[in-house]
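Chemist: Here is what each chain is made of, one letter per residue.
Number of protein chains: 2
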Amino acid sequence: MSAPALEVNCPVPVPDGLLAAFDAYETALLANDVEALDRLFAPGPDTVRGDGKVLLVGHDSIAGFRSGRKVIPTRRVARLLVRPAGTDAALVMASTVEPATGATGLQTQLWHHIAGEWKVTAAHVTLPAGGRPAAAPPVDPAVWRVVGTPLVAATSGGPLEGTTVAVKDLFEVAGQRLGAGNPVWLAEQEPRRTTAPAVAALLAAGAEITGIARTDEFAYSLAGQNAHYGTAPNVAVPGGIGGGSSSGPASAVAAGQVRVGLGTDTAGSIRVPASYQGLVGVRPTHGAVPSAGVLPLAPSFDTVGWLTRDVPAARRIADVLVTGTAAAATRMMVLPAVEAHAADDVRAACAGVRANLVAAGILPAAETGDLDSSTLETWFAAFRTVQAFEAWQAHGEWLSAHPGVLGPDVGGRFASAATVSAAEADEARGVVSEARTRLRALLDGAVLVLPTTRGGAPDRNAGADIVEAERAGTLRLTCLAGLGGLPAVSLPLARTADGRPAGLCLVGAAGTDLALLDLAATIEGSVR
Amino acid sequence: MSAPALEVNCPVPVPDGLLAAFDAYETALLANDVEALDRLFAPGPDTVRGDGKVLLVGHDSIAGFRSGRKVIPTRRVARLLVRPAGTDAALVMASTVEPATGATGLQTQLWHHIAGEWKVTAAHVTLPAGGRPAAAPPVDPAVWRVVGTPLVAATSGGPLEGTTVAVKDLFEVAGQRLGAGNPVWLAEQEPRRTTAPAVAALLAAGAEITGIARTDEFAYSLAGQNAHYGTAPNVAVPGGIGGGSSSGPASAVAAGQVRVGLGTDTAGSIRVPASYQGLVGVRPTHGAVPSAGVLPLAPSFDTVGWLTRDVPAARRIADVLVTGTAAAATRMMVLPAVEAHAADDVRAACAGVRANLVAAGILPAAETGDLDSSTLETWFAAFRTVQAFEAWQAHGEWLSAHPGVLGPDVGGRFASAATVSAAEADEARGVVSEARTRLRALLDGAVLVLPTTRGGAPDRNAGADIVEAERAGTLRLTCLAGLGGLPAVSLPLARTADGRPAGLCLVGAAGTDLALLDLAATIEGSVR
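Chains as they are written, first to last, in UniProt numbering: chain Y, 1 to 528; chain S, 1 to 528.
Any given hint could be a false lead.
Each pair may be met inside one copy or between any two copies, as identical chains are not told apart.
DSSO-like cross-link-like pairs, simulated, lysine-lysine; straight-line CA separation at most 30 Å [as the list claims (entries may be wrong)]:
(1) Lys119 / Lys53
(2) Lys70 / Lys53
(3) Lys70 / Lys119
Calculated directly from the structure, the hints in this document are not laboratory data.
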């Protein structure tokens with residue numbers, strides 16, 4: 001921007017031509033004249049441009065960044081300082097103000113006089129911030145449905161005093177509606193008169209409910225992309241999905257808005273968002289935490305679980321909700337046929353953690369469990385069949401009376417679920433029962449260590465093929481705990497090659513919930 | 001921080017001693033060794049240090065800033081670039097990472113070799129941001145009690161479709177409790193079965209309720225500093241109070257979280273936060289908007305009003321809630337005895353706006369109204385007496401049964417209110433009635449233009465004498481609309497000498513609410 005009236009603070013006369021070059025630069029910046037900007041930056045590999053996020057070295061990297069950048073808001077230079085350095089260089093510092101918002105920023109440029117022209121050789125930009133805030137709702141509707149300060153107070157003191165909880169919108173909470181992730185369902189609801197026992201137990205132990213957080217529709221998804229309320233953010237992977245179906249509780253915990261996210265896990269709905277967002281996720285032994293007052297998806301596999309930032313916080317919840325006194329695992333198990341469904345980078349990270357556990361003397365070398373891939377496929381198919389049949393048993397009547405209310409993803413899944421016959425379900429239940437027996441025998445006294453999900457969080461705009469591949473791989477990893485009714489804890493111990501968090505999962509014997517969390521604490525303390 | 005393994009990116013050999021000086025600087029910074037930092041910055045008036053907020057020029061200003069700064073979080077230098085400039089100067093750019101949070105920042109320093117030592121002559125700091133978010137509740141409890149997405153949906157379509165509203169915690173909302181700014185009161189409340197007519201009218205016109213926002217206790221304060229829930233933030237004056245008692249709705253509007261704050265104004269509870277936060281605040285003609293379903297403070301003066309960011313938004317609410325068809329003012333009025341209670345800078349700004357209104361042909365030159373300062377004092381005392389008597393009538397019984405539940409400020413005010421006798425109140429009502437008659441005559445066909453508040457928002461930690469002086473001055477300005485039952489609109493047209501927003505208030509004849517907002521729109525469009 002040309003600023004003719006602006007006084008320049010400079011202890012000596014400003015070098016000739018410098019201000020004209022600076023003005024040309026500001027003008028080009030506001031016009032997003034990329035060609036002029038590229039010309040005003042010195043060519044070559046040593047030119048540098050940084051802000052708080054990225055530090056780009058080399059004229060061409062800077063030009064590449066610039067070509068993909070949005071137009072910046074109009075701003076004016078409020079103050080301009082020049083500090084010469086030697087005979088052919090000078091530092092220019094310009095503070096800027098955006099008239100529309102009052103936001104203030106600062107840019108510093110080192111200019112060099114090269115072949116008769118002033119060129120920027122180094123630039124540091126602090127983007128305008130502050131000023132009048134942009135309009136945005138007080139809470140993100142993709143994370144929350146209703147929030148209070150608190151929404152529901154503790155009913156007595158106890159070990160969880162001061163613990164804030166986001167409750168997935170599948171639990172009965174007295175005085176609140178139960179939304180199930182669908183606005184048409186919600187509109188028909190009246191406030192509940194009772195509170196689910198799991199929630200009531202937390203309140204009685206001193207915890208308070210901060211709010212009711214989002215779920216994928218009827219919990220029948222692992223994506224966290226509710227068609228009506230939006231995609232819950234993943235603070236650990238900007239642009240990535242957060243995972244579901246306990247999407248709201250997970251995002252709320254990751255964002256530091258609550259200590260605990262209370263959710264459900266049927267096929268991975270706690271473990272998957274834990275994995276994608278770098279959280280601890282607990283799926284207890286089937287039936288260990290009462291699921292009364294919780295909207296069912298598939299009762300054969302449904303569990304009440306929770307998400308936290310670290311293991312001690314997860315353990316404090318377990319102490320209130322679970323009474324599993326079984327002893328800790330003394331053996332480590334690996335199932336190559338299952339693990340084969342994880343991506344290479346995550347599988348390698350998992351093997352590395354297992355090696356570290358052995359090296360640290362925490363567990364003996366892993367035994368390879370006897371499970372071939374065709375058995376896994378048979379079991380997985382049975383799991384899916386039983387889940388689908390029960391999901392339609394639970395919601396088919398209401399959904400049939402309200403056609404078209406679901407988003408395409410969950411809608412397609414329920415449509416397919418509607419086609420499962422009772423006979424098919426019975427046969428599949430037989431397979432599940434066999435699988436449960438075998439898995440419980442396999443993990444008696446042992447802990448299985450495997451990747452929680454196939455990879456890290458997919459991008460929000462990833463193609464359907466990528467999303468489906470992630471989902472298919474992940475379900476083969478997560479279905480084991482469901483089939484076995486076994487406790488599982490996902491820990492943020494791995495990262496993908498491109499730096500996304502990926503969870504590693506401990507699956508233990510039935511009833512070893514507390515011992516499994518003790519092991520998780522040891523691992524968190526020593527391996528992470 | 002010493003970073004021995006760090007590779008330095010520099011196109012030529014790094015000048016001798018520069019890295020040692022840089023390391024010394026990082027070490028001193030993390031140790032908050034102010035003396036060493038001062039020594040490493042070049043002396044004299046030309047040394048400069050800036051970030052996005054402040055740009056300090058001169059070694060001593062920088063040293064002064066530094067002495068008042070908190071210790072910065074531990075960080076490490078992730079990348080280090082050096083770019084020499086001439087023979088005795090070099091630019092150093094260092095990107096930093098905070099291990100605890102992953103937040104990244106950038107600092108750029110121009111070093112000069114002066115008398116055998118490297119000194120910083122210019123520094124630009126982008127403070128670390130991003131990374132894992134700090135723990136904080138999803139909504140600020142000083143602003144909100146409960147928030148939904150929405151909390152209460154529109155009951156039909158209409159002109160306010162898409163308009164989000166923060167409702168002060170004094171209004172009945174079906175299904176919600178009414179909290180009145182006091183936790184003991186709140187704990188005794190059941191969800192209401194009905195919705196206050198003013199709220200219902202907004203919902204019927206298409207607006208939705210985003211949440212229930214804070215009030216000072218029983219609305220008996222102008223500070224916005226609830227002893228139980230905290231001080232609502234003022235985004236326009238960091239560190240300043242936001243004003244009350246419609247504190248939550250005002251902060252929510254100013255922060256861009258909702259379009260409209262619905263509140264009440266007895267002695268200034270809409271106008272004061274509007275003034276302090278740079279908002280538009282509307283207090284309608286007494287009785288023009290039904291106050292049924294609203295917890296009373298002093299029914300002789302209580303009104304239902306609203307806060308918005310601009311006049312058109314305020315007008316849309318008026319169109320739904322008010323049916324005042326009286327004609328616009330043709331004369332401008334000034335009351336020097338009243339205005340004398342404003343601070344010099346605000347009074348001067350008000351006079352300037354009046355001059356601009358005349359110059360723009362919007363209103364003729366102001367007439368000086370006949371009101372002396374002793375009459376004002378008599379009227380004001382009567383206003384306070386009636387307000388206090390009615391406040392105790394409204395809440396004395398409950399407060400007597402719950403001793404000690406109020407914060408000291410509001411508690412002291414109610415204690416004093418308890419001492420007002422019915423005879424004193426009757427006498428004061430006579431004075432108020434006289435004042436109302438005289439004010440209505442004075443403003444027939446005219447608009448009074450005066451400062452809304454004595455000054456800008458006081459600091460949160462201002463001494464009791466400053467707060468009391470502000471309050472005393474402000475109440476003498478705000479009481480006129482209350483005494484007269486007259487409509488008033490506060491507009492963000494002034495700033496104090498130190499840059500804080502201060503409102504100017506238009507007070508019109510009874511029933512001229514819509515015409516007053518039309519005038520406000522003209523003023524906003526031409527004078528601002």
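Chemist: Can you tell me if lysine 119 and lysine 53 fall within 30 Å by alpha carbon in one copy, between copies, both or neither?
Modeler: Intra 23 Å, inter 27 Å, cutoff 30 Å: intra and inter.
Chemist: Taking 30 Å as the upper bound on the Cα-Cα distance, should lysine 70 and lysine 119 be classified as within, between, both, or neither?
Modeler: within (23 Å within a copy, 37 Å between copies)
Chemist: State whether the alpha carbon distance between lysine 70 and lysine 53 is at most 30 Å within one copy, between copies, both, or neither.
Modeler: Both ways: lysine 70 and lysine 53 sit 16 Å apart in one copy and 23 Å across, limit 30 Å.
Taken one by one, the earlier hints all hold for this structure without exception.
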